[in-house]
Amino acid sequence: MCGIVGLQLRDSLLRPHLGSLLSQMLAQVCERGPDSAGIGIYGDPTFAPPGTATVSLLGVSSPGTVAADLAAALGLDATQVVMTGAGSTTVAHAPVATSALVLAARGLSDLTVIGWGDDLAVIKGVGHPMAVAAAADLAAASGWQAVAHTRMATESAITVAGSHPFSVGADLCLVHNGSFANHATIRRELKATGVTFDSDNDSEVAARFVAAALSDGHDLEKSLRLLCERFDGFYTLVVTTHDSFAVVRDAIACKPALVAETPRWVAMASEYRALAALPGIEQARVFEPGPGEVHLWSL
Amino acid sequence: MVTVTDSDLVLDVHQVGVRGVNSALRDLDPGTRVRVINPGGRHNLAVGLDAAVDVRIEGPAGYYIGGLGKHADLVVDGPVGWGVGENLMSGSVRVRGDASQSAAASAHGGLVMVEGDASLRAAVSLKGATLAVAGSVGAYCAFLAQAGTVLIGGDAGAGLGDSIYEAVVYVGGRVGDLGTDARIEDLTAADVAAVTALIAQTGFDHIDPENVTRVASAKQLYHFSTHQHGAY
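Each protein sequence line maps, in turn, to chains A and B. Residues in the first sequence are numbered from 45 upward in steps of one, following this note's numbering. Residues in the second sequence are numbered from 360 upward in steps of one, following this note's numbering.
No lab work stands behind these hints: they were computed from the structure. Think of the CB as a built atom: it goes at the ideal place given N, C-alpha and C, for glycine as much as any other residue. Treat the hints with care, as some may be off.
[What the hints assert, rightly or not] Restraint ranges, calculated between C-beta atoms of paired labels, are given here:
1) L368(B) with M174(A): 29 to 37 Å
2) E273(A) with D367(B): 50 to 58 Å
3) T547(B) with A295(A): 33 to 41 Å
Please build the complete structure, drawing on both the sequences and the hints.
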């Protein structure tokens, strides 16, 4: 099954409430994916303060040690690398270029980088989605955009690394409900071009494909249309960048997707019940994207 | 039609859960009226009803609402998820909002009414029931529909009536494109009478029975043809 919720806030007055709104939405899709969950948040000042680079990490057992190691690698004072714990995930930020922080994090053993960017924090965990959200104090988060996924694992094991979102480019997130039929073929093709993978998950292949298309110079919409041409299977996807929010459905619209839009926000969810508590939902334009459609909203 | 009074029985989904509501509904005597409150988008509400009870679900509901029902009349005051009235046998389900995918899927009898729009695959594999949608329907409506009637007040999406058998579709608005083996047929006096009766039954009187498009099977897929041998 799997559940997806996503929210892009156009109205800055709502942005302090991003976490509480997303948390309410997430609570309504837990039955769709009770085994693990993940969240991508854009613009939270605790996880990703303006003017810093942020990297989300799995495998941090001693935050102080990792902060010191990162600081040493970056030539910073240890106090300049700030670690925020969120259950299985630790989010680090530092006043350096994003690429430098990612490189430093990858240089440390036993860590997995699960997301990075100027604005993005990615939090993953196994267990009940609301426990994952609570460990990250999601309800207190703020920002302009967020996506969350509840997973019912089918294609690969229940692991933290196998939780969505898959974030394999700066400020890029992909979540997926469904299963791809030809992911192994595309994985081989991407590997042949030098792309490396963190998990056996089919959805990671889609994320790597989109990241590769973006780095080839295509815009997000074109990259997602290329994905629709190349991938066979069932999929509803939400793909986000630092200022864009996209919803994609497969050619027969096999997996659910509802979009609601008002002048203040755009939201996507697997079921209407996740949208029902959003402010102004009564006046929202609510629709289901059609088969093979790509919908994209940019701030 | 369900009429609600203050003395109606009330079942609260928050308090007794979906199973509690469904088991209470199945114990009701014919003629009972009941309000189901705080549905909260939960799935499988009011499935498998087997008596002439009047049920009103007050709020948004989830998947398979009213499925498998016999004799009962159900109203949902809000949108519903996938498969409303799935496999309905008799009675009625009325949605005062939009319906997501596969409305009235495989329904054998009775009447499913949607006051808003219905999404993809409405009336998929319909087996004798009637689906009436005041608004528009998404792609693949009446796919593989074997028997029964579909009335659409608005427009129909792509692939209407793909591989349809004996069911008939009437469209008040635009027909996007037809599915394989579906064709537009002339409207007869019997069609106008059938649509007129259905409008009276549903109250969807924005539909003009003289100005609907009849879509039914061209019947070219009923039997294997040696002309298609090369395709196998």
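Contradicted hints - numbers only: Of the numbered hints given earlier, the structure breaks none, since each of them holds.
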